[in-house]
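Engineer: Could you build the full structure based on these sequences and the hints that come with them?
Just so we're aligned: the sequence shown equals residues -24 to -1, 1 to 300 in mature numbering (1 follows the signal peptide of the UniProt record, and there is no 0).
Since the hints were made in silico from the structure, they are not lab data.
Source: prediction; values computed, not measured.
Quick list of in silico lysine-lysine cross-link-like pairs, BS3-like style, CA-CA up to 30 Å: (1) Lys265 x Lys298; (2) Lys176 x Lys298; (3) Lys176 x Lys110.
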Amino acid sequence: MNLKQLPGYAVALMLLAFTVVSCSDDDNGDGTETPEPIIASFSYAIEDYDVAFTNETLNADDYSWDFGDGESSSEESPSHTYAEAGEYTVVLTASNSVEDKTAEETIVIEEVGQDPMTLLTGGSSKTWVLAPQKNAVSFGNPAGVWYDGLSLEDTAVELWWGNLADQVEGRSCLFDNEFTFTSEGAFTRETNGSLWKEWKVFDEVSGEGCTADGEDLITRMENDVTAWRDGSFTFELETWSGEDTIFTYTLATAGAGGYIGHYTSGVEFSDYDVHDEHNYGILSIAEDKVELISWGWGGDAIDNEIDPNTSDRWYKVVLVPKSE
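Structural biologist: Now the structure itself:
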């Protein structure tokens, strides 16, 4: 067609039509296309305190994450580690050249409990001492509150003995003993030169006190208990599968004199002699405290002629990490 042969108004109409057809709905008038609406969305996977976020947003160019704990990220699909358990509101803000959209989720980080072996050994090696407090060492019935003369039940429970707070200093040679456990199952005890002598065990006449360095250790039953000093042993920590529910794990040591806390603990019946095995139940275990329970030095008083206390005599030891 020869445009010169058309009237002027016809040419103008054709040019207008061409202009309308050339401008699509996605054209901003400056040659760029209008973005599609943003659809903001994300998913996540939690493992302990670590969370991996997957960005599933459509039609966005930039992203901003608020993890709900004061931390943030501009990555498309970040990972984040929370410092502690709790509920956190996570907000994703997605944006392009024309709009911002947000997606929000509340996530729950559960408390992560370490396994007892890691807690006991610190993952490699860890040294414990008797807690410098009242009732770090105590004897009584597990159904009762130790030494305070109170019972958790209506029936009376006889409670025998527990150290007082001022006895921590008075029995320094007991409270300075160190008990080290390694992740390889080794257990060592260091008494640091002196050992506490219980009057019932050694001499009811001269009384009790700290031994002199190198002093012979002969009980009133004429047993040589030198093995109660320093020593190296092995141990096993297992889940308790018995009927009792007062503890979840058991701790057993092997080796002559391998007691924890006090030399009369960990045996069914203490004859004031060296034993090759000592067994404990773990009442509680955490990074800062371990509570052990065992059959005490009275054992079953019905058959106990050495120390006829009441039956059901249990022994508890409370340990804390050695201070650096």
